[in-house]
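Asker: Residue-level listing of the chains:
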Amino acid sequence: MIALADQLLVLVLLINFVVLGTSRLIFSIRAVAVQGVILGILPALIHPFSWHLVGIISMILATKGAVIPLLLYRAMRSAGIKREVEPFLGYVPTLLLGAVFTALSFGFAGKLPMLAEHQNYMFVPASIATLMTGFLILTTRRKAISQVLGYLVLENGIFIFGLLLAEAMPIMVEAGALLDLLVGTFVMGIVINHISREFSSLDTSRLTSLKEE
Amino acid sequence: MLAALIILPLIGAVVTWLIPSDRLRPIALSVFAFGHLGVTLRLLIATPPPSTDGWFNLDALGKIVLLSTSVLFFFCAIYSIGYLAYRLERSNRVLCIGLLICLSAASMVTITHHLGLLWVALETTTISMTPLIYFNRNARSIEATWKYLLICSVGVALALIGLYFLAYATIVAGVEASLLLDDLIRDAGKLSSGWVHAAFVFLLVGFGSKMGLAPLHTWKPDAYGESPGLVGAMLAGGLVNLAFLSLLRVYQLCLATREIAFFQNALVVMGLFSMIMAAIFMARQADFKRMLAYSSVEHVGIMAVALGLGGKAVFGALFHILANGLTKGVLFLSSGNIHRSYNSKSTDHVRGALRRLPWSGGIFLAGFIAITGSPPFAPFISEFTVVSSAFIDGRYMVGALFLISLGIIFIGMALTVLPMVMGEVPEDSEVTSYRDTLWTVGPPLGLLLLVFLLGVWIPAPLLTILRDGAALLEVHP
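These protein sequences, in sequence, are chains V and C. Just remember that the numbering used here sits 11 ahead of the position in the first sequence, which is counted from 1. Just remember that the numbering used here sits 179 ahead of the position in the second sequence, which is counted from 1.
It should be emphasised that the hints constitute simulated quantities derived from the structure, not laboratory data. Among the hints, a few may not be true.
[Claimed, not checked] Within a straight-line C-alpha distance of at most 20 Å, the following computed SDA-like cross-link-like pairs (lysine to any residue) qualify: (1) C:Lys491 - V:Lys122; (2) C:Lys491 - C:Ala462; (3) V:Lys122 - C:Val351; (4) V:Lys122 - C:Lys369; (5) C:Lys369 - C:Ala352; (6) V:Lys122 - C:Ser372; (7) C:Lys491 - C:Gln443; (8) V:Lys122 - C:Ile455; (9) C:Lys491 - C:Gly634; (10) V:Lys122 - C:Ala445; (11) C:Lys369 - C:Val380; (12) C:Lys491 - C:Leu642; (13) C:Lys369 - V:Ala110; (14) V:Lys122 - C:Leu642; (15) V:Lys122 - C:Arg437; (16) V:Lys122 - V:Leu106; (17) C:Lys369 - V:Pro124; (18) V:Lys122 - C:Ser230; (19) C:Lys369 - V:Met125; (20) V:Lys122 - C:Gln443; (21) C:Lys369 - V:Ala127.
The shape of chain V in the complex, shown without the other chains (with noise of 0.2 Å):
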């Protein structure tokens, strides 16, 4: 089963750069839903079956595949929004940055020791691959909903590392982590419907009113 699971982590590189790659915002939406969707059944391949288990990966199915989702769409409809529009930087450019982080990653893995059930399989460089493609969405796109779905990429990374751990994360711990960074999510959906009603406008470089002279 751990095998099938490394071959899906496959998709969801290629989903990151899915996300890179495209304005429409919708269609960025729905991609780094179906990621989160694919991050949801992954535990189930790895890990045993246990009633917690069911309950996290029903969470995880619920929050990032439905709900967060339709927040995300809903602030880009009451926005009247489609597309990312001049982003920091272009997106030629942060494909080939992407491409170079992914492959990076792949070198920063292959230094560090690991356990030998987890020598040929790619969790490690996914993971860190997935990390950096959210902080490079984070930092070079304008759009409020593009941020928020940097910081859900980058989070995806992190659940992927944490399938590694079941056995130092206590159950609670894991599930309490989770928990948070949903909420965070989420709390940032919220937020970006009040931007869209304060500025009629999703775009955070209009966030300028504290800038320093």
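Could you slot chain C onto chain V? The hints should help.
Answerer: Chain C in isolation, oriented as in the chain V frame:
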């Protein structure tokens, strides 16, 4: 008893949620804050033994931060009775609930030795403060809220991956997989240095951004500037210390590995950089709340430098937790009063505060003198300890840069503060309904007295706690 620290504020959150009146709610907030302070003092005197599973252990470091948070929260709660009476135009339900949830999570950060739980509690404090920054419901405050939420969340998320690296290092090393601080310290020698090094970098960046160390401080002026005075006080005097405590935990772990020199150098560099940035941006700052935010950047810098220097300076760092936390309370609460009275936080409009508000203006001026490190106030002791130990240890460059930054900051801050409090009130100044009352002046005055008291005399039990804390952070060659 430890559980009471967590549960009492949560009960308070439910109670304030149920109370329908905006006038009664702050009173309930104060009652629970008083209860929390009582439990805290009781725990400091009769500390329970660590729990058998090692998850909960109120050690000296936790005690210092718990004490400073609880005292500050108590004064802020009392202040809210007077302050929120002027803000009846909107409901304060979310504000009171958010503060109490934050207090509960903050207590959790101070008593736990499980790094995973510490992370969960720290992130909870970040999220619970978010709606409070948006209290004023305008375009500027939503901008501040967005920056705060995004930067702090990303920062704390990076700290989580750092913790994951640590946990994985224990699995790779074949020792018992755990995120308990005591287990990690015990096994630190066996952990793979690659993973540990990567973990420390992520933890430093993560907790550093929550603490507001430059260059990760950009959210601070906005969040502190736009939130109400009492929220600013909790952010600058409370949350900052929680993030610093998290860094102290990482530091404890570093002591047991070979990474300590690297970590110390990184702290000194980031700390000095924060102080220099603060010095640059403090000059000619026309918004006095933003000026206080840069002062907060300066003081987290001081704490980082002190920790990075090690040795005697560590005592200064620990004392500064209390000194800075309480002084920030004085400044933010009194500046909240000035802001209410002039309905402006720009120094173009705010002049002659000593004439218009003799009490608040005077307290603000005294707070300025205290925070810039003048005797006989508490921050003087910590800053003096840091500088003298830098020179004794032969770190002349660090000591010199530290002193130069302090000097520039003193001048920069004085250029903003003195015109504010001195001189005549402008003729066209807006007339508001705010008047200094016992409820709005008492809390900052009480904090100021504490800051003064700690500056001239440290009670013996507190000194013991500070020394025990410093002993936990000693470098073992």
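Asker: If a hint holds in the structure, say so; if it doesn't, say that too.
Answerer: Results for each hint:
With a C-alpha separation of about 38 Å, the suggested pair Lys491 (chain C) and Lys122 (chain V) falls outside the 20 Å cut-off, and the hint is violated. Distance hint between Lys491 (chain C) and Ala462 (chain C) is unfulfilled; the C-alpha atoms sit about 31 Å from each other, more than 20 Å. Taking the CA atoms of Lys122 (chain V) and Val351 (chain C), the gap is near 14 Å; set against the 20 Å cutoff, the hint holds. Restraint check for Lys122 (chain V) and Lys369 (chain C): the C-alpha separation of about 18 Å stays at or below 20 Å, so the hint holds.
A distance of roughly 6 Å separates the Cα atoms of Lys369 (chain C) and Ala352 (chain C); the hinted pair therefore holds under the 20 Å criterion. As the CA atoms of Lys122 (chain V) and Ser372 (chain C) are separated by approximately 11 Å, the hinted pair is consistent with the 20 Å bound. Between Lys491 (chain C) and Gln443 (chain C), the direct Cα distance comes to roughly 14 Å. Compliance with the 20 Å bound is thereby established for this hinted pair. Straight-line distance between C-alpha atoms of Lys122 (chain V) and Ile455 (chain C) comes to about 37 Å, which puts the hinted pair past the 20 Å bound.
A hinted pair counts as satisfied when its Cα atoms are at most 20 Å apart, and Lys491 (chain C) with Gly634 (chain C) qualifies at roughly 18 Å. At roughly 23 Å between alpha-carbon atoms, Lys122 (chain V) and Ala445 (chain C) are farther apart than 20 Å, so this suggested pair is violated. The straight-line distance between the Cα atoms of Lys369 (chain C) and Val380 (chain C) is roughly 19 Å, inside the 20 Å bound, and the hint therefore holds. Distance restraint check for Lys491 (chain C) and Leu642 (chain C): the Cα-Cα separation of roughly 14 Å lies within the 20 Å cut-off, and the hinted pair is therefore satisfied.
A distance of roughly 35 Å separates the Cα atoms of Lys369 (chain C) and Ala110 (chain V); the hinted pair therefore is violated under the 20 Å criterion. Between Lys122 (chain V) and Leu642 (chain C) the CA atoms are separated by roughly 46 Å; this puts the pair beyond 20 Å, and the hint is violated. The straight-line distance between the Cα atoms of Lys122 (chain V) and Arg437 (chain C) is roughly 19 Å, inside the 20 Å bound, and the hint therefore holds. Distance hint between Lys122 (chain V) and Leu106 (chain V) is unfulfilled; the C-alpha atoms sit about 25 Å from each other, more than 20 Å.
The straight-line distance between the Cα atoms of Lys369 (chain C) and Pro124 (chain V) is roughly 13 Å, inside the 20 Å bound, and the hint therefore holds. Annotation: proposed proximity of Lys122 (chain V) to Ser230 (chain C) is violated, straight-line Cα distance about 38 Å (limit 20 Å). Proposed proximity of Lys369 (chain C) and Met125 (chain V) is supported: the alpha carbons are some 14 Å apart, at most 20 Å. For the given pair, Lys122 (chain V) sits about 25 Å from Gln443 (chain C) by alpha-carbon distance, which is inconsistent with the 20 Å threshold.
For the given pair, Lys369 (chain C) sits about 18 Å from Ala127 (chain V) by alpha-carbon distance, which is consistent with the 20 Å threshold.
Hints 1, 2, 8, 10, 13, 14, 16, 18 and 20 from the earlier list are contradicted by this structure; the remaining hints agree with it.
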